[in-house]
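**Student:** Here this note's numbering is used: the first residue of the sequence shown is 1, the next is one more, and so on.
Careful, some of the hints might be misleading.
As the list claims (entries may be wrong) - Restraint ranges, calculated between C-beta atoms of paired labels, are given here:
1. Ala-43 <-> His-66: 32 to 38 angstroms
2. Asp-78 <-> Ala-7: 22 to 28 angstroms
3. Ser-50 <-> Arg-93: 24 to 30 angstroms
4. Gln-21 <-> His-86: 29 to 35 angstroms
These are computed hints drawn from the structure, not numbers from a lab. None of the values given here were measured: they were computed from a predicted structure. Every residue, glycine too, gets a C-beta built ideally from N, C-alpha and C.
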Amino acid sequence: MQTNLPASALAAITAFCADLQKRAISQLQYDLESNVQIGVLTAAEAAEGSHALRLAIVSAVGSFVHYDIYGALEIAADIAEDVNAHPEAAQIRAMVA
Numbered sequence: 001m002q003t004n005l006p007a008s009a010l011a012a013i014t015a016f017c018a019d020l021q022k023r024a025i026s027q028l029q030y031d032l033e034s035n036v037q038i039g040v041l042t043a044a045e046a047a048e049g050s051h052a053l054r055l056a057i058v059s060a061v062g063s064f065v066h067y068d069i070y071g072a073l074e075i076a077a078d079i080a081e082d083v084n085a086h087p088e089a090a091q092i093r094a095m096v097a
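Kindly produce the complete structure, drawing on both the sequences and the hints.
**Tutor:** This is how it looks when you write it as structure tokens:
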């Protein structure tokens with residue numbers, strides 16, 4: 001790792017990643033203990049982990065933007081751009097403006 005990176009930025013990244021991991025593990029436990037039991041997921045789907053990770057990402061992003069709708073929409077637009085959905089990203093950004 002480069003040592004000339006700002007310590008405050010590295011601390012923020014480390015904290016976000018730790019929070020994401022905590023949320024993913026919590027969701028995975030919930031999936032296995034509850035969602036499989038009520039048929040939301042199969043045991044194989046829960047064990048794969050993508051459901052837990054997807055919900056953890058959403059939850060961590062919401063926390064990251066302090067549950068601000070405009071911050072959430074900005075990140076949604078960034079995700080749309082990342083997958084080359086540029087017109088959709090522009091539509092989302094128009095809602096924020």
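**Student:** All hints, please: hold or fail.
**Tutor:** Outcome of the hint check:
1. Between Ala-43 and His-66 the CB atoms are about 36 angstroms apart, so this pair conforms to the stated range of 32 to 38 angstroms.
2. As the Cβ distance of Asp-78 to Ala-7 is approximately 25 angstroms, the hint placing it in 22 to 28 angstroms holds.
3. A hinted range of 24 to 30 angstroms for the beta carbons of Ser-50 and Arg-93 is consistent with their spacing of about 28 angstroms.
4. Range check, Gln-21 to His-86: about 32 angstroms between beta-carbon atoms, so the 29 to 35 angstroms window is met.
Checked against the numbered hints above, the structure violates none of them.
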